Structures are given as structure tokens and as C-alpha cells.
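**Student:** In the order they appear, the protein sequences are chains W and C.
End of the first sequence sits at 316 in the numbering used here; the numbers just go up one at a time, nothing left out.
End of the second sequence sits at 316 in the numbering used here; the numbers just go up one at a time, nothing left out.
Heads up, none of these hints are tricks.
Treat identical chains as interchangeable: a pair holds within one or across any two.
The calculated DSS-like cross-link candidates involving lysine-lysine, where the alpha carbons are at most 27 Å apart (straight line), are:
no.	residue 1	residue 2
1	K309	K118
2	K250	K298
3	K305	K250
4	K161	K132
5	K287	K162
6	K298	K309
7	K162	K137
8	K132	K287
9	K137	K118
10	K137	K161
11	K161	K287
12	K309	K250
13	K287	K250
14	K118	K132
Calculated from the structure, these hints are not laboratory results.
Remember, it's a predicted structure, so these values are computed and weren't measured experimentally.
Chain residues, written in single-letter form:
Protein chains: 2
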Amino acid sequence: MDDRALLDTIRDLIGTEETADDCASFELPDSTILVSSTDMLHETTDFPIGMTEFEKGWMSVAVTLSDIASCGAQPIQVLAAVGLDDPKRLVPFMEGAVSCAKRFGAKIAGGDIDSHREFTVVTTGFGIVDKKFYCRRSGASAGDAVCVTGTPGCAMAGLNGDERYRAHLLTPVPQVEAGQLIARAGASSMMDVSDGLAISLYDMSEASNVGFELDSSRFKLPDVSSGSAMEYYLYGGGDFGLLFCIPPAGLSGLDVKYTVLGNVVSEKGVWCDGKVLEKRGYAHHW
Amino acid sequence: MDDRALLDTIRDLIGTEETADDCASFELPDSTILVSSTDMLHETTDFPIGMTEFEKGWMSVAVTLSDIASCGAQPIQVLAAVGLDDPKRLVPFMEGAVSCAKRFGAKIAGGDIDSHREFTVVTTGFGIVDKKFYCRRSGASAGDAVCVTGTPGCAMAGLNGDERYRAHLLTPVPQVEAGQLIARAGASSMMDVSDGLAISLYDMSEASNVGFELDSSRFKLPDVSSGSAMEYYLYGGGDFGLLFCIPPAGLSGLDVKYTVLGNVVSEKGVWCDGKVLEKRGYAHHW
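Whole structure, please, built from the sequences with the hints as guidance.
**Tutor:** If you want it as C-alpha cells, here you go:
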């Protein structure tokens with residue numbers, strides 16, 4: 031069983047709406063939306079060997095800010111709950127966490143310190159977005175362009191030992207400014223591709239009840255020293271690019287680096303060069 | 031080293047204000063305060079043997095709602111990040127979590143599902159309170175009465191096998207309504223006593239820069255079948271009573287069950303019947 035299947039088992043309990051996005055939302059009195067997201071990371075599954083405590087702190091905050099960014103929101107605060115096997119890890123970890131939060135205009139506003147056999151961190155971030163610019167996974171319409179920022183696959187290339195992509199893997203950059211620009215340009219849907227591009231396309235297809243026709247000649251593949259660039263691009267996790275759909279007119283004047291991958295169609299599914307795209311990506315398994 | 035000493039090591043990095051309370055705060059445009067709190071609980075240290083998954087879900091949400099309650103705030107949303115050793119635990123756990131949130135007017139609005147060797151949960155709650163009623167650990171003034179709701183020590187009695195207090199231990203009740211009534215009655219400071227009454231008094235003394243003179247003849251000790259009721263009352267953790275200070279006039283008409291423990295004095299410290307109260311309580315140790 032993987033985490034997507036497991037989420038299905040609590041959909042009735044929690045609500046379809048509540049389980050549809052990486053962020054929760056709450057409407058504030060002034061027509062803004064408070065978005066929030068929480069992410070658990072722990073030693074054995076999320077932190078590549080050799081990663082410094084600073085980098086772990088940076089990444090722990092970055093994963094949450096990436097979710098906030100994908101709503102088109104400005105992050106404001108982050109809480110960090112840290113379960114420590116060794117108390118000496120706290121200071122360098124928090125230096126990385128504070129550094130990342132600050133870089134993107136947010137603040138570490140609190141948290142919890144616990145002892146734990148395995149170094150385990152949960153960061154929770156909040157952000158604010160004008161109601162009219164609030165983006166979700168749902169909302170894409172047939173006729174929209176489907177686009178991605180950055181170059182998916184770089185983090186996986188880094189994980190496989192390509193030193194040029196070490197920073198992509200260990201100190202990923204949440205697309206906070208890009209997310210807000212894309213939202214303001216009129217994006218109909220948005221999410222990050224941290225679980226991989228292909229699985230994210232399927233997630234968005236499901237939430238928006240539309241399909242995607244991709245044209246692989248448009249893909250800007252990463253330059254990789256080993257393995258398949260296409261495999262990395264479609265199925266590598268850990269990148270913080272934003273996948274978004276937008277009426278084509280919205281793209282003119284959008285001052286963000288993006289790639290148009292193809293078009294949104296009304297039939298649910300994901301096709302690449304006319305063939306069904308394999309549905310797989312990063313998942314937790316039991 | 032314990033978690034209070036460890037928190038000191040990051041006070042400069044995070045900020046004195048940010049590390050002073052169980053809740054973080056953010057001022058919203060309409061003169062309300064968004065408060066938030068995050069808590070990590072995990073199998074080996076936080077869940078007594080024999081506890082059901084439902085009770086673990088309830089408790090995980092209750093600890094966070096108790097922090098929200100201690101600000102005088104109404105909880106609105108809770109996020110739950112759950113690290114599971116066995117995926118079958120998720121549904122009954124979430125049933126308990128949803129049940130607790132609903133009971134106190136909040137909603138499980140999202141979360142994260144992860145695999146983990148040790149069952150580990152982090153709940154993060156948000157609440158809203160009018161700026162003029164927002165309570166913190168700081169703010170107590172000499173001349174205030176120092177009071178507590180409920181009967182501290184019951185959870186510890188339950189932990190030590192007294193079946194009458196099983197519910198106090200396993201399905202604790204966050205004082206959400208009481209917190210709001212106390213705040214509106216003009217409390218100058220408030221916090222919950224989940225780490226024990228004595229250590230909470232010292233925490234509040236530190237934050238408010240005042241002292242407390244307690245009169246033990248006023249204590250309403252729990253009826254216990256073994257051990258010392260006074261020990262449980264002062265040093266037992268796991269109870270969700272609210273410790274608060276308030277100008278005595280505020281107590282008239284306060285429709286909450288509370289005990290006046292003594293008075294706030296200007297000198298920092300905690301005394302009981304004229305003697306310095308031993309400073310100890312629940313803490314994480316490495």
C-alpha cells in the first residue's frame with residue numbers, strides 16, 4: 031500500500047475537499063485566504079547520507095514553503111516540531127531552517143522540541159493569498175496550457191551522484207515569487223512537482239477532472255552524466271518546480287521561466303506524444 | 031539536558047518572543063490574532079501502554095487544542111502529520127482525531143501521511159482570538175489572584191493505575207470554553223498545566239517576571255488510592271487545566287470552576303506556605 035491509497039481510506043472521514051490539496055485553507059475576514067501545510071521528514075527516508083544539519087533545516091522549511099508557494103500565497107510563519115536523537119543537532123538544524131524561512135519572507139514563529147530515537151521533523155507553514163488569486167490542484171480547463179517552472183529531474187540527478195545538482199537536491203528553492211506571479215497571471219490550477227512530474231500531472235488531472243496532452247519535443251531535459259534524462263524529468267522526485275495550467279493569453283507578460291509541456295483536454299488522463307504516460311512517482315510504501 | 035535548557039540554545043536564533051509561549055501569534059487585519067501551536071507525540075514516550083488508536087488520535091488533537099485554549103482563542107483548524115509503522119492504524123487514529131476536533135468546534139483540515147519505524151504524530155492547530163482578549167504566559171501583575179481550573183494530578187493518578195482517572199489520562203479535555211471565558215473576564219496571563227502545576231508556575235513566573243505565593247490549604251487535591259495527592263497535584267503532568275492570573279475583581283461572575291491558589295507578588299519565584307516550591311515537572315531528557 032502507498033500513501034495515496036491510504037489517503038483514500040480517510041477521505042470520507044476528513045472530507046474530499048480537505049484531502050484534495052497539499053494545503054488547507056481558511057477564509058479570513060478581509061477576502062484573503064490563510065493557507066497552511068504540514069510535512070514530516072525523517073532521517074532514514076528523507077535525508078540523503080552526507081547532508082549537513084543546516085541543509086536538513088533548510089530542506090525541512092523549503093518543502094512546506096513550496097506547498098504554500100503552489101497556492102500563489104506569500105508565506106508568513108513556519109512552526110517546527112523537532113524530535114532529536116542528539117540535542118547537539120538542534121542549533122545547526124535551526125540555523126538552516128531560519129535561513130530558509132527568512133530568504134522567502136517568512137519567520138520561524140514557534141515549534142516543539144522532543145526526544146526521539148530517529149531524527150524526525152515536522153514543519154507547518156502558513157501563508158496568505160488574495161482570494162481571487164488562490165490556486166489549487168483543481169481548476170484546470172480544456173484549452174489551458176500546461177506548464178512547469180524549472181527543470182524537473184535535477185534533484186534526482188543529484189541523488190544519483192551528479193555533483194552539479196547537489197544544491198538542487200539538498201537546498202531546494204521553493205518557487206515563492208514565481209508562484210505569486212503565476213497566480214496573478216491567471217493560472218487556473220497549480221501544485222509543486224516534488225513527487226515527480228508524471229505523478230503530479232495525474233494528481234492534477236484527478237483533482238481538475240481534465241486530461242493533459244504533452245509534447246515531449248517541448249521538454250527541456252536536464253543535462254545528466256548517467257541514466258536517462260527523460261526518466262529523471264518525468265519520474266524524479268525532490269524538485270520544487272511548479273506545475274500549472276493557465277489560459278494561453280495569461281502567458282504573455284508572465285515574467286517567470288517556464289516550459290509549456292502541452293495542452294489541457296477534457297478527457298481525464300495523461301498522454302505524451304499520443305501515448306498514455308506511465309503513472310508512477312515518489313510515494314511512501316508499507 | 032532537558033528541553034527547556036535546549037530551547038535556551040536557540041532563543042537568540044529564533045527570538046525571545048517566539049520562544050516564550052506554547053503558541054505563535056500573527057495579527058490579522060481585523061484586530062484578531064491568529065494563534066498556532068504544534069506538538070509532537072510518539073509511541074515510546076507519549077502513549078501509555080493499552081491506549082487505543084482512537085484515544086491516541088483524540089489525545090494528539092487535544093494537546094494542541096489545549097495550547098490554543100490557553101490563549102483564550104477558539105480553535106478553527108488542525109493539521110495532522112502522521113508517521114505510521116502500520117498503515118492499518120490510520121483510520122481508527124483519525125476517527126479519534128476528528129472526534130476531538132469536532133467536539134471543540136475545530137476541523138481536521140489537512141495533514142501528511144508518512145511511513146515511520148515508530149508511530150509518530152505532529153498536530154498543528156490554529157485558533158483566533160480578539161486582540162483585546164489574547165492571553166499569554168506573560169502579563170501577570172502583583173496583586174492578581176493565581177488560579178487553576180480542574181484538579182491537577184488526575185492524569186498522573188490514572189497513569190499510576192487508578193481506573194477512576196483513566197479518561198483524564200487517555201482522553202483529556204482541553205479547556206476551550208473555559209479559556210475563552212477566563213480571557214474575557216480579564217485574565218492577565220494564562221497557560222495550560224500539561225507539564226505539571228509547579229513547573230508551569232515557574233514558567234509563568236519567568237515569562238511574567240513576577241512571583242507566586244501559594245496557600246496549600248486552598249488546594250483541592252485529587253482523591254487518590256495510592257501515592258501522595260500533593261505530589262500528584264503539584265508535579266503530575268498530562269492534565270489540561272488552565273493556570274491563570276487575574277485581578278481579583280475579574281473573578282466575580284466568572285462562570286468556570288477554578289481554584290484560587292494564592293497571590294501574585296512582585297518578586298520572582300514560587301512559594302508555597304512560605305517555603306520555596308520545588309521546581310520540577312515533565313520534561314524531555316537526553
